[in-house]
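**Q** Given next are the chains, with one letter for each unit.
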Amino acid sequence: MERDQEKIDSFTRRAFIIGALQGCALSVLAARLSWLQVVEGEKYKTLAENNRINVRILPPSRGQIVDRFGVPLATNLQNFQALVIPEQVESLEKTLMDLRKYISIDDSSIRKALRQAKQRPSYVPVEVRNKLNWDEVSIVELNLAKLPGVSIQSGDLRSYPYKESTGHIVGYVGRVSETEMTNAPLLSMPGFLIGKSALEKKYETLLQGIPGKAEVEVNVHGRAVRELNRVASLQGQRLVLSLDAEYQRFVQQRLTTERSAAAIVMDAKTGAVYALANHPSFDPNIFSGGISAMDWEQLRDDPAHPLNNKVVGGLYPPGSTFKVCTALAGLEAGVIDEYTTAVCPGHYDFGSNRFHCWKTEGHGTVNLVQALAHSCDVYFYKMSTAVGIDRIAAMARRLGLGSSLDFDLPETKAGEVPDVAWKRKQRGDKIWHPGETINASIGQGAMLASPLQLATMTARIVNGGKEVKPWLAGYAGAQRISRGAGNDMGISPHHLDLVCRGMTQVMQPGGTAAAAQIREEGMEMAGKTGTSQVKRISKAERASGVRRQEDLPWHLRHHGLFIGYAPVHHPRYVCAVIVEHGGSGSGAAAPIARDILLEVQKRNPAIKEMKTT
Amino acid sequence: MAIFQSSLFSDEMSLLGKVRQIAWSLVFFLFIYATIGFLSLYSAAGGHIDPWAAPQMSRFVLAVGLLVIIAVVDIKWIFRIAYPFHILVIILLLLVDIFGHIGMGAQRWLDLGIIKIQPSELAKISTILCLARFYHGKEVYEVKQLKNLVMPVLMILLPVGLVVAQPDLGTGLSIVFGGVAMLFVGGVSIWLFAAGIGTAIAAIPIAWQFLHEYQQKRVLIFMNPESDPLGAGFHITQSKIALGSGGITGKGFLEGTQSHLNFLPEKHTDFIFTLWAEEWGLLGGLFLMMILGIIILYGYWISFRCRSQFARLVAFGLTINFSVYVLVNIGMVMGLLPVVGIPLPMMSYGGTAMLSVMVAFGIIQCCHVHRDARLPKGF
Chain S
0 MERDQEKIDS
10 FTRRAFIIGA
20 LQGCALSVLA
30 ARLSWLQVVE
40 GEKYKTLAEN
50 NRINVRILPP
60 SRGQIVDRFG
70 VPLATNLQNF
80 QALVIPEQVE
90 SLEKTLMDLR
100 KYISIDDSSI
110 RKALRQAKQR
120 PSYVPVEVRN
130 KLNWDEVSIV
140 ELNLAKLPGV
150 SIQSGDLRSY
160 PYKESTGHIV
170 GYVGRVSETE
180 MTNAPLLSMP
190 GFLIGKSALE
200 KKYETLLQGI
210 PGKAEVEVNV
220 HGRAVRELNR
230 VASLQGQRLV
240 LSLDAEYQRF
250 VQQRLTTERS
260 AAAIVMDAKT
270 GAVYALANHP
280 SFDPNIFSGG
290 ISAMDWEQLR
300 DDPAHPLNNK
310 VVGGLYPPGS
320 TFKVCTALAG
330 LEAGVIDEYT
340 TAVCPGHYDF
350 GSNRFHCWKT
360 EGHGTVNLVQ
370 ALAHSCDVYF
380 YKMSTAVGID
390 RIAAMARRLG
400 LGSSLDFDLP
410 ETKAGEVPDV
420 AWKRKQRGDK
430 IWHPGETINA
440 SIGQGAMLAS
450 PLQLATMTAR
460 IVNGGKEVKP
470 WLAGYAGAQR
480 ISRGAGNDMG
490 ISPHHLDLVC
500 RGMTQVMQPG
510 GTAAAAQIRE
520 EGMEMAGKTG
530 TSQVKRISKA
540 ERASGVRRQE
550 DLPWHLRHHG
560 LFIGYAPVHH
570 PRYVCAVIVE
580 HGGSGSGAAA
590 PIARDILLEV
600 QKRNPAIKEM
610 KTT
Chain U
0 MAIFQSSLFS
10 DEMSLLGKVR
20 QIAWSLVFFL
30 FIYATIGFLS
40 LYSAAGGHID
50 PWAAPQMSRF
60 VLAVGLLVII
70 AVVDIKWIFR
80 IAYPFHILVI
90 ILLLLVDIFG
100 HIGMGAQRWL
110 DLGIIKIQPS
120 ELAKISTILC
130 LARFYHGKEV
140 YEVKQLKNLV
150 MPVLMILLPV
160 GLVVAQPDLG
170 TGLSIVFGGV
180 AMLFVGGVSI
190 WLFAAGIGTA
200 IAAIPIAWQF
210 LHEYQQKRVL
220 IFMNPESDPL
230 GAGFHITQSK
240 IALGSGGITG
250 KGFLEGTQSH
260 LNFLPEKHTD
270 FIFTLWAEEW
280 GLLGGLFLMM
290 ILGIIILYGY
300 WISFRCRSQF
310 ARLVAFGLTI
320 NFSVYVLVNI
330 GMVMGLLPVV
340 GIPLPMMSYG
350 GTAMLSVMVA
360 FGIIQCCHVH
370 RDARLPKGF
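So the protein sequences, as listed, match chains S and U.
To convert, note that position 252 of the first sequence is 251 in numbering that gives the first Met the number 0; the numbers rise steadily by one, no gaps.
To convert, note that position 272 of the second sequence is 271 in numbering that gives the first Met the number 0; the numbers rise steadily by one, no gaps.
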């Protein structure tokens with residue numbers, strides 16, 4: 000206990016020393032505060048009155064997006080906004096009413112401004128009007144003395160000259176939402192816009208630029224009088240796309256003959272996308288400066304879904320276009336070769352089930368090339384069970400299915416490539432039935448692919464088995480950001496050649512799409528048709544009247560698909576086309592593919608370098 | 000010698016008895032202090048409860064709950080985990096340095112998926128616990144021996160090195176401060192301190208080389224803020240103008256022109272004291288400092304009443320930690336110390352700082368509740 004007492008004494012002594020030191024420090028602080036506030040108070044009051052240095056953020060100008068020839072697809076227009084700083088007005092409502100005497104402001108904007116003023120710190124300006132014209136700007140500027148707290152700010156308005164034809168590629172910008180808000184002061188600036196979809200969203204950090212700052216002298220009301228120092232903002236990077244804007248417009252126009260269709264044309268060797276079009280589409284300009292509720296509802300509720308980019312985000316059973324993949328899997332597995340034939344009586348019995356060929360009377364005896372040319376289902380049914388779903392699925396994945404392919408658009412979906420493991424994971428304990436393999440061999444069942452993936456599959460077959468990936472953005476400023484040609488995937492050139500021969504025969508007399516062949520010499524194409532069954536509307540859906548009656552017949556029709564390439568002997572351009580509920584691949588999709596493959600060969604963008612300045 | 004019990008809460012006192020033993024008047028002073036913070040955050044947002052005051056208030060309610068829970072935990076348990084906890088914190092600091100989330104140019108956060116933790120905040124507490132545990136078992140003559148200085152110095156320098164590497168100089172220095180104070184009250188020879196201080200002064204030119212450029216700049220500007228009135232010296236100059244123009248009675252609640260016209264930077268975090276003193280004047284400023292003084296004195300009073308050396312040192316060390324933050328922050332906004340980016344704990348907006356202060360006071364309360372508990376000497 001004695002020792003403990005010694006310890007306690009030592010502790011107490013020393014603790015008092017520290018306590019005393021801290022007491023001193025606190026007294027120094029109190030003395031300092033008194034000095035500042037009492038003795039020097041008057042001096043600082045004068046300084047505060049004259050305090051004129053305020054730091055303001057200069058928002059950067061957003062980077063342009065241009066096509067491969069430098070044609071602007073997204074650019075900036077000057078926009079004048081009327082702002083009010085709530086802190087500097089006696090009554091915000093009264094100020095807004097005063098301002099209304101000079102410029103028109105609708106009631107919803109007033110409500111929005113009042114609501115925003117409540118939610119934010121009151122020194123943050125709220126936006127009252129957008130897109131002021133010159134007359135409005137000058138009348139407000141002239142009457143600023145009568146409108147304390149009001150200011151005019153010049154900002155940028157995003158503009159998309161190609162409107163509908165590039166809506167799905169470039170995307171649009173919008174106000175920063177609650178979830179997108181970070182600590183970056185730039186984002187909380189009134190009217191600041193960030194990318195909301197497609198490339199505008201994907202390359203936000205590149206396009207945004209770096210904000211500058213201005214140190215300005217202000218008067219007691221916070222109004223700028225003189226600028227003292229300025230660090231200019233840096234414009235965002237210029238994004239150069241692989242796209243050919245005029246060709247893109249052509250493809251977009253070509254699709255308008257259909258009610259809902261999508262097409263993509265890309266380079267078989269480099270993966271550069273020359274056109275990526277959806278119909279119906281939307282004009283991204285209506286989003287700049289805020290979309291009206293009516294426009295938004297109209298876009299959202301349209302049964303043809305104009306906001307959806309079907310090329311990258313639409314998933315369809317690939318139908319007979321998938322036979323090229325089944326053929327390669329069969330060849331690689333050694334189940335079939337060039338000379339293997341099968342007899343097609345119009346159906347194939349497996350177990351107790353009967354699988355039908357599309358041609359009821361049958362194709363007779365066919366080899367692989369003929370089976371592709373005539374799209375004989377039975378030939379693929381027969382080989383599929385011997386090849387097995389896992390080898391078919393593996394080939395599908397090598398050709399680009401079931402993956403988002405690292406494509407630039409955030410809307411890209413991966414699709415589904417079913418196999419034994421997939422089914423175990425997706426559907427619990429169920430086992431894989433051989434009948435499902437038979438369905439999968441002709442691209443039906445759970446298999447789902449996007450036109451982007453089908454075009455990539457075609458490219459990888461016709462470029463000699465190189466693992467090419469599609470891309471849109473080629474350069475950011477002068478720096479290359481796109482990928483080059485892919486690595487060899489080790490598929491036998493002989494097998495690829497056989498499949499190409501089959502696709503060539505499709506477009507020859509007797510083939511399923513012979514009528515759609517290009518007549519211009521040297522520009523002939525090859526391809527593969529596909530017709531995929533649509534999930535039928537359930538009885539319950541029909542009874543409850545979820546869909547409108549006049550849509551019913553259209554919705555029940557099959558999707559028409561087509562994959563193709565040209566020119567046939569030196570493949571450079573590949574395409575994938577889908578016509579939703581178009582009936583058949585040969586009737587609806589193949590003629591579109593012909594027109595766009597012909598046009599791309601005439602323009603021949605592949606031989607022209609991308610312009611980076 | 001008491002035998003260890005495995006349960007967290009079980010010892011001779013009942014749970015309700017322990018809750019009654021909590022120094023509720025200290026909780027009350029903390030509440031007044033926090034309320035000054037809420038008012039300031041409300042004003043910083045221009046008279047709005049969002050975006051700062053409301054979250055801060057709900058965090059405070061949560062933190063009081065945490066304080067009570069920690070206060071009733073058996074102190075023997077805290078005693079036992081002191082070493083393993085410090086080791087764990089050092090491992091976490093290592094992980095932050097290696098994998099840490101990079102924000103604001105410094106890696107301070109460890110993202111665990113559900114929560115992000117800032118191990119440097121934990122290190123402040125674990126260093127104190129660890130040192131208290133070490134000195135608890137040592138006799139007065141042992142403490143004075145040079146060989147018994149090696150372990151404590153390592154206990155301090157390991158976390159400090161890792162924190163400074165993040166780089167977070169402010170927190171690193173505050174751990175050193177708290178640690179050195181612990182060595183002092185723990186009974187290390189006065190002569191050693193004299194030698195140590197001499198060495199430290201001699202080492203300043205060498206340490207200077209290791210500072211980041213922005214850190215060197217801060218010190219230089221502190222020496223002469225007018226040299227760069229628009230750059231980094233801007234903060235100090237603006238803060239002094241705001242404080243000085245407040246006068247004796249202040250400009251009135253929500254009337255602080257300097258803060259509201261946005262001359263004052265970081266007014267909801269590092270410079271919140273300035274905002275308070277601009278609006279409430281010298282009277283408000285002194286009142287706040289008085290409340291802080293009472294809280295600190297209360298902490299020391301608790302420490303003196305503890306029977307075990309461990310509890311005494313823990314309560315003392317944690318109180319010192321709090322007071323170092325308070326003194327450095329207030330000194331900084333008045334232009335007496337360089338801008339080191341240290342917040343005013345609990346008043347500045349931020350959940351981590353609030354939690355770490357309340358956890359520290361929870362442990363101080365735990366020492367108070369168990370002031371008569373006896374703890375074993377050896378390992």
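Just so you know, the hints here were simulated from the structure itself, not pulled from any lab data.
Beta carbons: idealized from backbone N, C-alpha and C, even for Gly.
Do not rely on the hints blindly, as some may be mistaken.
Listed next, the in silico DSS-like pairs over lysine-lysine satisfying Cα-Cα at most 25 Å (straight line) [said to hold, decoys possible]: (1) Lys-44(S) to Lys-239(U); (2) Lys-212(S) to Lys-216(U); (3) Lys-216(U) to Lys-376(U); (4) Lys-137(U) to Lys-6(S); (5) Lys-268(S) to Lys-42(S); (6) Lys-6(S) to Lys-146(U); (7) Lys-200(S) to Lys-162(S); (8) Lys-465(S) to Lys-268(S); (9) Lys-212(S) to Lys-239(U); (10) Lys-376(U) to Lys-6(S); (11) Lys-6(S) to Lys-143(U); (12) Lys-42(S) to Lys-239(U); (13) Lys-412(S) to Lys-358(S); (14) Lys-146(U) to Lys-376(U).
If you want the ones that stay clear, here's a sample from chain U, every Cβ over 12 Å from chain S, calculated [unchecked claim]: (15) Phe-28; (16) Tyr-82; (17) Phe-272; (18) Tyr-299.
**Q** Now tell me, hint by hint, if it's right for this structure.
**A** Going through the hints against the structure:
1. Only pairs whose Cα atoms come within 25 Å are accepted, and Lys-44(S) paired with Lys-239(U) is accepted, the gap being roughly 11 Å.
2. Of the pairs offered as hints, the one joining Lys-212(S) and Lys-216(U) holds, with about 20 Å between alpha carbons and a cut-off of 25 Å not exceeded.
3. Proposed proximity of Lys-216(U) and Lys-376(U) is contradicted: the alpha carbons are some 48 Å apart, above 25 Å.
4. As the CA atoms of Lys-137(U) and Lys-6(S) are separated by approximately 10 Å, the hinted pair is consistent with the 25 Å bound.
5. With a CA separation close to 74 Å, the supplied pair Lys-268(S) and Lys-42(S) exceeds the 25 Å bound.
6. About 19 Å separates the Cα atoms of Lys-6(S) and Lys-146(U), which keeps this hinted pair within 25 Å; it holds.
7. Taking the CA atoms of Lys-200(S) and Lys-162(S), the gap is about 17 Å. The hint holds against a cut of 25 Å.
8. The hinted pair formed by Lys-465(S) and Lys-268(S) meets the criterion: a straight-line CA distance of about 8 Å does not exceed 25 Å.
9. About 23 Å separates the Cα atoms of Lys-212(S) and Lys-239(U), which keeps this hinted pair within 25 Å; it holds.
10. Of the supplied pair hints, the one linking Lys-376(U) and Lys-6(S) holds, its CA atoms being roughly 13 Å apart against a limit of 25 Å.
11. Between Lys-6(S) and Lys-143(U) the CA atoms are separated by roughly 12 Å; this keeps the pair inside 25 Å, and the hint holds.
12. Proximity of Lys-42(S) to Lys-239(U) is assessed by CA-CA distance (about 11 Å); at most 25 Å being required, the pair is judged to hold.
13. Among the hinted pairs, Lys-412(S) with Lys-358(S) is inconsistent with the structure: their alpha-carbon atoms are about 33 Å apart, more than 25 Å.
14. Proximity of Lys-146(U) to Lys-376(U) is assessed by CA-CA distance (about 19 Å); at most 25 Å being required, the pair is judged to hold.
15. In this structure Phe-28(U) is separated from chain S by more than 12 Å, as the shortest Cβ-Cβ distance comes to about 15 Å.
16. The Cβ of Tyr-82(U) lies farther than 12 Å from every Cβ of chain S, with a closest approach of about 21 Å, so its non-interface assignment holds.
17. Non-interface status of Phe-272(U) relative to chain S is broken: a Cβ of that chain comes within 12 Å, the nearest being about 9 Å off.
18. Chain S draws Tyr-299(U) into its interface by the beta-carbon criterion, the shortest separation being 6 Å against a cut-off of 12 Å.
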